[in-house]
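Protein chains in written order, with the working numbering: chain A, 1 to 129; chain B, 130 to 545.
Read the hints as simulated data drawn from the structure, not as lab findings. A virtual CB, placed ideally from N, CA and C, is assigned to each residue, including glycine. You may find that some hints are simply not true.
[Stated by the list, open to error] Heads up, incomplete: computed chain B residues facing chain A, CB under 10 Å, no partners named: (1) Gln175; (2) Asn280; (3) Trp308.
[Said to hold, decoys possible] Residues from chain A shown here face chain B by an in silico Cβ test under 7 Å; the list is partial: (4) Ile7; (5) Thr53; (6) Leu57.
Chain residues, written in single-letter form:
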Amino acid sequence: MKELICITCPMGCHLSIDSDERGELKVTGNRCIRGEQYAREEVLNPKRVVTYTCEALFPEDFSLAAGSELVHRVPVRTTNAFPKERIPELIATLRTLNIRIPVARGDMVIKDALGTGIDVIVTRTIALE
Amino acid sequence: MKQLIFDAVVIGGGAAGMAAALELDSRGNSVLILDREESLGGILMQCIHNGFGLIEFDEELTGPEFAQRFEEKLQTRNIQVLLKTMVLDIREENDHKVIYAVSPKQGMMRIEARAIVLAMGCRERNRGNIRIPGTRPAGIYTAGLAQRLVNIEGYIPGKDVVIIGSGDIGLIMARRMSWSGCKVHAVIEILPYPSGLTRNIVQCLNDFGIPLYLSHLVTNIYGKDRVEGIEVTPIEAGALMSEKAFRIECDTVLLSVGLVPENELSRNAGIEIQPSTNGPWVDSMLMTTMPGVFACGNVLHVHDLVDYVVEEARRAGANASAWLSGYRPEREIRVKTGSNIRYIMPMRVNPERENRLYMRALVVKNDARLDVRLDGTVVRSRKHAHVQPSEMLSLTLKPEELATAGRDSTLEIALL
Numbered sequence: 001m002k003e004l005i006c007i008t009c010p011m012g013c014h015l016s017i018d019s020d021e022r023g024e025l026k027v028t029g030n031r032c033i034r035g036e037q038y039a040r041e042e043v044l045n046p047k048r049v050v051t052y053t054c055e056a057l058f059p060e061d062f063s064l065a066a067g068s069e070l071v072h073r074v075p076v077r078t079t080n081a082f083p084k085e086r087i088p089e090l091i092a093t094l095r096t097l098n099i100r101i102p103v104a105r106g107d108m109v110i111k112d113a114l115g116t117g118i119d120v121i122v123t124r125t126i127a128l129e
Numbered sequence: 130m131k132q133l134i135f136d137a138v139v140i141g142g143g144a145a146g147m148a149a150a151l152e153l154d155s156r157g158n159s160v161l162i163l164d165r166e167e168s169l170g171g172i173l174m175q176c177i178h179n180g181f182g183l184i185e186f187d188e189e190l191t192g193p194e195f196a197q198r199f200e201e202k203l204q205t206r207n208i209q210v211l212l213k214t215m216v217l218d219i220r221e222e223n224d225h226k227v228i229y230a231v232s233p234k235q236g237m238m239r240i241e242a243r244a245i246v247l248a249m250g251c252r253e254r255n256r257g258n259i260r261i262p263g264t265r266p267a268g269i270y271t272a273g274l275a276q277r278l279v280n281i282e283g284y285i286p287g288k289d290v291v292i293i294g295s296g297d298i299g300l301i302m303a304r305r306m307s308w309s310g311c312k313v314h315a316v317i318e319i320l321p322y323p324s325g326l327t328r329n330i331v332q333c334l335n336d337f338g339i340p341l342y343l344s345h346l347v348t349n350i351y352g353k354d355r356v357e358g359i360e361v362t363p364i365e366a367g368a369l370m371s372e373k374a375f376r377i378e379c380d381t382v383l384l385s386v387g388l389v390p391e392n393e394l395s396r397n398a399g400i401e402i403q404p405s406t407n408g409p410w411v412d413s414m415l416m417t418t419m420p421g422v423f424a425c426g427n428v429l430h431v432h433d434l435v436d437y438v439v440e441e442a443r444r445a446g447a448n449a450s451a452w453l454s455g456y457r458p459e460r461e462i463r464v465k466t467g468s469n470i471r472y473i474m475p476m477r478v479n480p481e482r483e484n485r486l487y488m489r490a491l492v493v494k495n496d497a498r499l500d501v502r503l504d505g506t507v508v509r510s511r512k513h514a515h516v517q518p519s520e521m522l523s524l525t526l527k528p529e530e531l532a533t534a535g536r537d538s539t540l541e542i543a544l545l
């Protein structure tokens, strides 16, 4: 049996998920149908949107002016919710990823991340002065 | 000294400031936005996580994406923006208002405005505000500062982390620090229920197996140069159980213990501040006690969702514009907090118009009822399956519902 808190709405129903002899999932504790859908998704195929910031790489011929406070990290996100068990792998990739600026919101930095069909995109336009 | 003149000046270029400025501009006013940061967007720029915009844009965006959509709209209008500009003073001179501000590029500026919209946002409560005993080593940060360090500057503030308070920024940082390779050992909450949203408890703590200690108090911080650990004491039936105190080793402490509207400017200008919100007192037009000065967003009261901030800010912008064109409410009704309600915003309603109200519950409650009474008579009753202090309640009252109001009427809202 698995215990979950439903996050579909602020009620926060405490859900219990059991499987019967045939392996069918049985959800209890939900006060609406969305709770059951959430529980199934969360047990069978949990997913999360991943957001992160990667190191910004300045162009080689660009010299930072003294006292300049330009952004040093580029925020990114997955275009869809990403399979939860593969998030550590994705994070490892993002940790070593450098992004050449300038960039525009929506620019793709990883296509089809780890073969999931989900891309990683930039979430903030960063221009050079 | 550089001199500028505008119909309206908006102080703060975050979500509230941008939304108010857009509204003022679309109603034909000349508008200037002042912000002390290098970019517009305010705190949204460091909130790189998703969950913003479900109401405003009907999709889930990250903070920077939400802010940039507003910034892009601003760029299509004739709205002036001055960044790296710090407002020092607001004054009333004759029938107009004067703002003194300073920036590295322009030096001192004197800006005349017929109306001002305050949109300075809020600030985090810190260790001094909650008086945690112990030594004063390095390694203690507010959660929002740590968020800025990690997401904008690119520094990791420590390796072994304990978070004090279960506010949303602390929860978001628990996940962010975990993804950055840190170990988050615990979240300690003094109250018997979490102060953050349930979805953040699930996705930021449960996903990472981070324990949440409810009804626990941090009673000591250890360490000479750097934090070495904290002492945690359980609370049972309102009493500290000293004999059950335990120690958690850590090198970093993040504080997520609430937000306070940032009203130094307002206070200095002589604007009245409400103790229940720490924001300005406002009437049905969101106008402060200084005529022509309006307030919206987190400087007025701390909101749970940015979507509500922009809704309120648009209203403040529209009201400021109406005020500039000479509109004044004929009469206003006093709004009173009933049982289980911490505050209601604004503190006056206009019986001739539609009134949108925001409020906070004092309690966690299932199957609750929100009753609105005008001079003791129920004019609206609404059921709520669940209420909690961390989630704002909202209500729109129609003029018909206030039709019987007299000059000395009182509107009371209670949660039963």
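Hints, verified against the model:
1. Gln175: This hint holds: B:Gln175 lies near chain A, its Cβ roughly 9 Å from the closest one there, short of 10 Å.
2. Asn280: 5 Å, holds
3. Trp308: Holds. Min distance 5 Å.
4. Ile7: 4 Å, holds
5. Thr53: Holds, about 5 Å.
6. Leu57: 12 Å, violated
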